[in-house]
Amino acid sequence: MPSFMSTVRSSVGKKFLMAITGLAMIVFLIEHLTGNFLLLQPNPEPYNKYAHFLLSFGWLLIVAELILVAFLVIHMISGISVFLKKRQARPVGYHVTGSAGKPSKKSFASTTMIYTGIVIFIFLAIHLKTFKYGPYYETTVDGVVMRDLYRLVNEVFSDPLYVGGYVVAMILLGFHLRHGFWSAFQSLGLNHPRYMPIIYGLGVLIAIVLAVGFLGIPVWIYLREVVL
Amino acid sequence: MKKMTLHLRIWRQKDANSPGKLVSYTLNDVTPEMSFLEMLDVLNEHLIAKGEEPVEFDNDCREGICGMCSLVINGIPHGPEHATATCQLHMRHFKDGDTITIEPFRAKPFPVVKDLVVDRSAFDRILAAGGYISVNAGSAPDANTIPIPKEIADEAMDAAACIGCGACVAACPNASASLFVSAKISQLALLPQGQPERKRRALRMIEQMDKEGFGDCSNHAECEAVCPKEISIVHIARMRREYMRAMFC
Ligand code: HEM
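Taken in order, these protein sequences are the chains called A and B. Residue numbering for the first sequence follows our numbering, beginning at 1 and increasing consecutively. Residue numbering for the second sequence follows our numbering, beginning at 1 and increasing consecutively.
These aren't lab readings, by the way, just hints derived from the structure by calculation. Remember, predicted model here, so these are calculated numbers, not experimental data. Treat the hints with care, as some may be off.
Subject to a maximum C-alpha distance of 30 Å in a straight line, what follows is the list of computed DSS-like cross-link-like pairs (lysine-lysine) [what the hints assert, rightly or not]:
| id | chain 1 | residue 1 | chain 2 | residue 2 |
| --- | --- | --- | --- | --- |
| 1 | B | K108 | A | K102 |
| 2 | A | K102 | A | K86 |
| 3 | B | K229 | A | K85 |
| 4 | A | K85 | B | K199 |
| 5 | A | K86 | B | K14 |
| 6 | A | K102 | B | K229 |
| 7 | B | K21 | B | K108 |
| 8 | A | K86 | B | K108 |
| 9 | B | K229 | A | K86 |
| 10 | B | K95 | A | K102 |
| 11 | B | K14 | A | K85 |
| 12 | A | K85 | B | K108 |
Chain B is nowhere near these chain A residues, computed Cβ spacing over 12 Å in every case [stated by the list, open to error]:
| id | residue |
| --- | --- |
| 13 | L54 |
| 14 | I120 |
| 15 | I126 |
| 16 | F131 |
| 17 | Y133 |
| 18 | S158 |
| 19 | L172 |
| 20 | I206 |
Example chain B residues on the side facing chain A (calculated, C-beta under 7 Å, incomplete) [stated by the list, open to error]:
| id | residue |
| --- | --- |
| 21 | N74 |
| 22 | T101 |
| 23 | R106 |
| 24 | D210 |
| 25 | F214 |
| 26 | D216 |
| 27 | H220 |
| 28 | A221 |
| 29 | A237 |
| 30 | R241 |
| 31 | Y243 |
Idealized CB from N, CA, C, for every residue including glycine.
All chains, full assembly: derive it from the sequences and hints.
This is the structure we're talking about:
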């Protein structure tokens, strides 16, 4: 019987971890996007109250954040490992490469996972520094003093360079999820000929909704604050 | 008879330790009804007549069932025809004046022996690690003494169609052997005869696959598209379930 660690490092175990952590991060992204739609309102209060409500979870929130960070780290280590192993496994490449077409799912998205992943990581680092660890403005809503995140978001998204960066990063996130979503099911062993086409299609939908949703918010705010 | 002229770019490599390179040949007497390997036979006859070394390539039954033939033709293992091994590919699928690039299957665990011949014994070692069943010696059991539902028998037969050619590895951007290994694990996990070693088999074959130096599977599914027997990646999903079952159940 192999040890737990050798299971995790095996080609199958590694992808199992990638899939679970990847899907968990997708669930987080869906929650994150839903809450952030409050930013589309011209009234700052609902968004600030929502952010304050999340912070009121205290240590529970910190535990959730630590789990997310741990998942991201596990996901990245496995992803980098897949990439390094693939380079070792074919030291001499082909002069001509192609695809045999259907039912192959090899695509721009599937062959660029490591690069779109690295861009997502760089984006995340900047994103957290700008907002979570960014300037602390205060406001009072219904007599409660809380952080004015709405103001910070408006300021940041008035910079066209920042908005442009967001748009690019989110499009790449969309590509990551276009292959990632269905691939996670396959990695978990969940492939049924009847349901897989639905999951594959759902991947496109999730990729588009999350990418357009997350790039739509900064674009909307830029238009509202600067252009109009 | 109509003759075609083809421009071939073929990987020539003296032995495992020498560097290889693509060498160009022009062949004027190709007919559409030749198989791809017969076309290479004609090339070799010309080379031998000129006193040059013929191009080495693997082949045996030339009926698409033995799994010996290989070749990456214009970037696709077994060439452009779906569900067709190189030996069953015919020159009518190419046009007069075409340039065809022919390379060996590429993967670290498939070292080139000479020209287009690669050593695929890594597959044999994976099979030896667990791709077998226990049988009681003695007289053969009567037919149909072990009932197997039709759907299960069909699914096992689909997996058993694997001829072990290695095109899945050659086509995989990661050089993963997952399709081959999953076909073997799947076939035996589905049938009653495979049950005694079911868990051990999944663990050992996957361990051996990783040890041989194949890459991890990124679910590109390019393997399924080039497989001459159209083995589905559904078997890779089953292999993963088998592995987890063996670990945790
Ligand atoms: C919001 C963050 C992210 C989400 C939601 C996400 C989601 C996913 C999902 C669902 C998969 C499919 C897993 C599978 O095939 O089993 C995947 C694969 C992958 N992810 Fe991410 N990912 C994220 C961030 C990252 C980051 C930061 C990296 C950086 C290295 C990365 C690298 C990869 C790679 C390389 C793969 C492909 C693995 C393979 O080829 O087998 N991802 N991702």
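The hints, checked one at a time:
Our distance criterion of 30 Å between C-alpha atoms is met by K108 (chain B) and K102 (chain A), whose separation comes to about 27 Å. Restraint check for K102 (chain A) and K86 (chain A): the C-alpha separation of about 23 Å stays at or below 30 Å, so the hint holds. Between K229 (chain B) and K85 (chain A), the direct Cα distance comes to roughly 27 Å. Compliance with the 30 Å bound is thereby established for this hinted pair. Between the alpha carbons of K85 (chain A) and K199 (chain B) the distance comes to roughly 26 Å, so the proposed pair stays at or under 30 Å and holds.
Of the supplied pair hints, the one linking K86 (chain A) and K14 (chain B) holds, its CA atoms being roughly 26 Å apart against a limit of 30 Å. Proximity of K102 (chain A) to K229 (chain B) is assessed by CA-CA distance (about 14 Å); at most 30 Å being required, the pair is judged to hold. Under the criterion of a C-alpha separation no larger than 30 Å, the hint pairing K21 (chain B) with K108 (chain B) is consistent with the structure, at around 17 Å. The hinted pair formed by K86 (chain A) and K108 (chain B) meets the criterion: a straight-line CA distance of about 10 Å does not exceed 30 Å.
Our distance criterion of 30 Å between C-alpha atoms is met by K229 (chain B) and K86 (chain A), whose separation comes to about 25 Å. Simply put, K95 (chain B) and K102 (chain A) have alpha-carbon atoms about 23 Å apart, close enough for the 30 Å limit, and the pair holds. Restraint check: the Cα-Cα separation between K14 (chain B) and K85 (chain A) comes to about 28 Å, which is no more than 30 Å; the hinted pair holds. The hinted pair formed by K85 (chain A) and K108 (chain B) meets the criterion: a straight-line CA distance of about 11 Å does not exceed 30 Å.
Distance check for L54 (chain A) against chain B: the nearest CB is about 34 Å away, which clears 12 Å, and the non-interface claim stands. With a least beta-carbon separation of about 17 Å from chain B, I120 (chain A) lies farther than 12 Å from that chain, consistent with its non-interface assignment. At the 12 Å boundary, the C-beta of I126 (chain A) stays outside the reach of chain B, the nearest C-beta of that chain being 27 Å off. The claim that F131 (chain A) lies off the interface holds: its Cβ sits roughly 32 Å from the closest Cβ of chain B, which is beyond the 12 Å cut-off.
Listed as a non-interface residue, Y133 (chain A) keeps its Cβ farther than 12 Å from every Cβ of chain B; the least gap is roughly 34 Å. Residue placement check: S158 (chain A) keeps its beta carbon more than 12 Å from all beta carbons of chain B (closest about 40 Å). Every Cβ of chain B is farther than 12 Å from the Cβ of L172 (chain A); the closest lies at roughly 17 Å, confirming the non-interface assignment. I206 (chain A), annotated as away from the interface, keeps every beta carbon of chain B farther than 12 Å; the closest lies near 16 Å.
Taken as an interface hint, N74 (chain B) checks out: its beta carbon lies about 6 Å from the nearest beta carbon of chain A, inside 7 Å. The criterion of a C-beta within 7 Å of any C-beta in chain A is met by T101 (chain B), whose closest approach is roughly 5 Å, and the hint holds. Look at R106 (chain B): its Cβ gets to within about 5 Å of chain A, closer than 7 Å, so that hint holds up. Contact between D210 (chain B) and chain A, as hinted, is supported at the beta carbon level, the nearest pair being about 5 Å apart and thus within 7 Å.
For F214 (chain B), the interface hint holds, the least distance from its beta-carbon to any beta-carbon of chain A being 6 Å, beneath 7 Å. Checking D216 (chain B) against chain A: minimum C-beta separation of about 4 Å stays under 7 Å; hint holds. Proximity of H220 (chain B) to chain A holds as hinted, the smallest CB-CB distance being about 4 Å (cut-off 7 Å). Evaluation of the A221 (chain B) hint against chain A yields a held restraint, the C-beta minimum of about 4 Å falling below 7 Å.
Interface hint status for A237 (chain B): upheld, as the beta-carbon distance to the closest one in chain A is roughly 4 Å, under 7 Å. A cut of 7 Å between beta carbons decides the hint on R241 (chain B): the least distance to chain A is about 4 Å, and the hint holds. Evaluation of the Y243 (chain B) hint against chain A yields a held restraint, the C-beta minimum of about 5 Å falling below 7 Å.
Checked against the numbered hints given earlier, this structure breaks none of them.
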